[in-house]
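Chemist: One letter stands for each residue in the lines below.
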Amino acid sequence: MSVLVGDDTRVVVQGITGGEGGFHAEQMIEYGTNVVAGAVPGKGGQEVHGVPVYDTVHEAARREDADASVVFVPPAFAADAMFEALDSPIDLVVAITEGVPTQDMAKVKKRLSEVDTRLIGPNCPGIITPGEAKLGILPGNIFSSGNVGLVSRSGTLTYQVVDNLTSRGIGQTTAIGIGGDPIIGTTFVDALELFEADEETEAIVMCGEIGGEDEEEAANYIAQYMDTPVAGFIAGRTAPPGKRMGHAGAIVSGSGTGTAESKIDALNDAGVPVGDTPEQVTDYVEEYL
Amino acid sequence: MSVLVGDDTRVVVQGITGGEGGFHAEQMIEYGTNVVAGAVPGKGGQEVHGVPVYDTVHEAARREDADASVVFVPPAFAADAMFEALDSPIDLVVAITEGVPTQDMAKVKKRLSEVDTRLIGPNCPGIITPGEAKLGILPGNIFSSGNVGLVSRSGTLTYQVVDNLTSRGIGQTTAIGIGGDPIIGTTFVDALELFEADEETEAIVMCGEIGGEDEEEAANYIAQYMDTPVAGFIAGRTAPPGKRMGHAGAIVSGSGTGTAESKIDALNDAGVPVGDTPEQVTDYVEEYL
Amino acid sequence: MKLHEYQAKDVFADAGIPVPESRLATTVDEVLDAVEEVGFPAAIKAQVHVGGRGKAGGIKIATDEEEAREYADDILGMDLKGFTVDKVLVEAGVDFVDELYVGVTMDRGEGEPVAMVSEQGGVDIEAVAERDPDAIAREHVDPAFGMHPYQARKAVYDAGIDRDVAGDVASVLTTLYDLWEEKDASDVEINPLMVTAEGEIVAADAVMNVDDDALFRHPDLTELREETYEDELERKAGEYGFDYVRLSGNVGIIGNGAGLVMTTLDLVDYYGGSPANFLDIGGGAKAERVTNALDMVFSDENVDAVVFNIFGGITRGDEVAKGINEALEQFDEIPKPVVVRLAGTNAGEGMEILNTDLVEVESTLEDAVQRAVARAEEVAT
Amino acid sequence: MKLHEYQAKDVFADAGIPVPESRLATTVDEVLDAVEEVGFPAAIKAQVHVGGRGKAGGIKIATDEEEAREYADDILGMDLKGFTVDKVLVEAGVDFVDELYVGVTMDRGEGEPVAMVSEQGGVDIEAVAERDPDAIAREHVDPAFGMHPYQARKAVYDAGIDRDVAGDVASVLTTLYDLWEEKDASDVEINPLMVTAEGEIVAADAVMNVDDDALFRHPDLTELREETYEDELERKAGEYGFDYVRLSGNVGIIGNGAGLVMTTLDLVDYYGGSPANFLDIGGGAKAERVTNALDMVFSDENVDAVVFNIFGGITRGDEVAKGINEALEQFDEIPKPVVVRLAGTNAGEGMEILNTDLVEVESTLEDAVQRAVARAEEVAT
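Residue numbers (the working numbering), protein chains in the order written: chain B, 1 to 289; chain D, 1001 to 1289; chain F, 2001 to 2381; chain S, 3001 to 3381.
For reference, chain B alone in the conformation it holds in the complex (with noise of 0.2 Å):
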């Protein structure tokens, strides 16, 4: 078992023929992603890295049976992308693309909420069941196949994290990284509810960051319906009011909402040890095993 993606995901990759396309669409092959299909305007009829590309997703979806896509299209056009494959045959749409106007993003949250498609991201590193399929650009090698459920906002600390767990021999059901930006597909409460009805997930770690409420809503999420157990870690505890930490959507306002400190008190009174450093974090993993 496992959350979303897995042996039998059938995946599109729209921009394949692009640079970051084509590179992460040959490592995701390489991982053993069942990669079927690209789909880029104008460029139906070729092949790349032995997959068939096809000028629109829903051609893509319906010729190769497909059911996820990752989107790796230039911030200008990745609206558009997201917009194509959530009213295609798609089930899950990856989108990769940092830097989607904020504008794009509220519209495409809007139809989200009328079709039956999730998204993950945009802004983030994707989604990787380890030894299954990977969609996305997380470095697969530092993740094995365990019991722990990961959902973050970062990336790289999602490695930082899967790294300190994989060095202890705590493997991953899966790992999803959610995005940095302020509108995303995918949230935390999500995510959580995902791993929650996944019987093979143990234990779940949720990396969260300065910047919005989510975390807080996280939190009352898992005190009233969780019974699978969270630890949890908050980056940015330094990080002073009105100035943007690297992520759109990291960042505490001047009013003094999206703190670390809120968020982590809600963590704790949901039941949630929060480490002080990630290697923390592990060792409340290792408690729950």
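Please note that the accuracy of each hint is not assured.
What the hints assert, rightly or not - Covered stretches of chain D (in silico footprint by chain S; criterion: 3 or more residues with CB under 8 Å from a CB of chain S, positions within the stretch not fixed): (1) 1040-1047; (2) 1054-1068; (3) 1078-1089.
Treat the hints as calculated values from the structure; they're not laboratory data.
Here the structure is a predicted model, which means the values were calculated and not measured.
Glycine included, C-beta positions come from ideal geometry on N, C-alpha and C.
Model the placement of chains D, F and S on the given structure of chain B, informed by the hints.
Modeler: This is chains D, F and S only, laid out in the frame that chain B set:
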């Protein structure tokens, strides 16, 4: 019992300070309709026909606990008035206004699909439950309380049929004028569904006309889901193709869709007798009761 | 409101859609000047609001001055399905290798706009739709979002358009949709959208019909309106503001409300008569409007008798009776027999006022229609 | 990207929002010319990107030439929260009876735009929001539809705005929303929107911040960009294209990925040190970028030691090591101790390349941070 409106319906009149709105608000009140408020931007605090006016539908609905509204607002502002009512706590919106731009209505229809509120119209005479409430411009005196439900795309044709029914002593549960525009809120199928669920309605008259495929869809619905007997009438048997017969929706396209013949055949196939004259329709209803 | 081809092309060109070079001409001399500018071959195209202009002889391609003169002379002033041609568009001929179709309209059934693309342009698209529905790719658009760029591409690729021109066709379709929305159009259409040997695309025809109900927010388009009517009576109806359709029979019909008037037509037919027109005086008509309606119907020389059927809701029977009296009292002799049936609001008051020396009265719709049919038969024979 | 008040007012005025007459001035003489044109009283307003300009002395009202000269002299060149004032807006004073607030922003939590109106304008709106949340009427907008006119009216009436000006305020709010959408703004705001005794409304201030990620579709706005930085280092970071935030500590921090860099800051603090900066070199950085990053941190005189923490995903450890070597090999003496930790993609290759004569190496994040903290302490003392 009745459908959608009755003694306990609490009505807001949008545009009550205008000529049409004021006149028909008075008529509705005289008929016994529970008109509890008017809504006109900038006219809050006034009183019209003993009814308090508010600046927004939301305030009117909140303060007066209203659950229905009637829109008498000029075409240029009618769609906005409908959006306002659809987004408010109102459950039923009846839009009388004729001449609402079609693209405005396409947007309203999209919003309708997102909310639980029901819209009747636009370009319709309204809805009446004889002896209880009328929302719109129907002449109350020709209706009588009874067991026949009536749904019609046309105003005066409705009166004609009702007059026939009433003069033979056949009363009505509720009569709904769904309007003659190409894009409308409540369709024949919607209305039939309501009458089918109404225990007091023992027979139904459905007055259609040329244009569109609503009557054909209604025939399908009747064949599949309905026990209550339906008698039909279709106006426009002699209409030449490509000519708009008054209503924006009443046109047989050049390719021959929307003809009276197609509608009559569909209804007959669904077991619905279609009268050659309004009088014949009344004959059919009489047989049902 | 229908725009002429030349008007629609102006709108399309302003939005960046490529159109052939062209000049408008109203005389043979102007046509000759125009062909000099646009060169040969030149298309000479009647600017009238009828479909199938080509088949009806309203479009001809001149390859030299001689032909230009001849065709200009043929087309200017010709009668095209009831309309007189008073201007032509003279347009540079396009050397095409392919003819496509692109259009946007409102799918009334779905209540949503639909964009359409087909490889089978240059012919009647409704015929294509019936013969081979799959030859037209259709993409429904959420009117709140407008057309996403991917939808234009999808329609174009679904239609099997060549990859070489697909991007350009998609961008024309996007522009068309935006125009459709911006201008409150009911339909916009390019048929054919020509593809040249060089892979360029050119709009060789242009259709744009605008929602009359939305003209209030488009004063620029309203100015383009050129009222053209098939006959004098339709012009008159336009002036009076009536919904009016002229038919071929001899029983004149006046009523209030589209559904009831249609029903009256149907009953005339059912009882063996033949309707001369559809005339809806609308809701709440006052006496003057009633007088105008009678004037309309009396002006139709085909009419042998009139049935006047009113079911009052917001229309009041007394006002109607007043109007009928006023209209008829001006005649020494009533031109055609008028059968009146009044019901609904103030019908009683109306009946009291009505001058029954001038009209015949019936109390039911069925009786009124039968009497009018009988009277028309009498007059006709 | 933040627009200055004078730039935002131009944008608002172009869209039809009433603003006071004003002139931009960069010298005292220009200010004196300007007051002559706009008349007294005249507001002299520092054009810098800081909040609370008024309280900080950046806005003064001159009632005569004497005062105008004095205030111009005070404000031009003054240091306002780290920014030097090099231009002022000289603006006709507005005789107001009421100060309102209107604004549009993205509600990130809901993922929807929100329009806001308050009667309590003219003061810090965030303070109002905390003190009396109900004093601000909020209306969420469906971004697919845009703001319906009724929503503007509803927000205005909900905020309790006087019925006399409600229509005008609603129309300003509608315009603001349209601008917000058209210009890809993150926030637009008028605070205060002044109401005069005559019932006119005037935008006495103007805020417009644009989404940097959307600037590619707004070349006109991009031209308005005036890079202003609190210090030289932030300017440099802008040039290099780094996400950089300067802090007050002495441990320089370089890493890849916002979350991991933030975590490194937090660990520096956790282990008793004090971070000097946030510097994210981003994903897939090549050697040159690494060199630039080290240059940045070395340029900060507060920095006593550096921790360089890379977890390679698309960033390769060997490229990073190459960059570190190149950056350090140019020095005779390494300016500050550098502690390096490489993990992830090609970390092994990186460790082999890395010139360990120039840097100290640790294999875990925790160890690297602790060592850097210790080194910084040594250097500082």
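Chemist: If a hint holds in the structure, say so; if it doesn't, say that too.
Modeler: Structure-based check of each hint:
1. 1040-1047: This one holds; 4 residues, not fewer than the three required, reach chain S with a Cβ under 8 Å.
2. 1054-1068: holds (count 5)
3. 1078-1089: holds (count 5)
Checked against the numbered hints above, the structure violates none of them.
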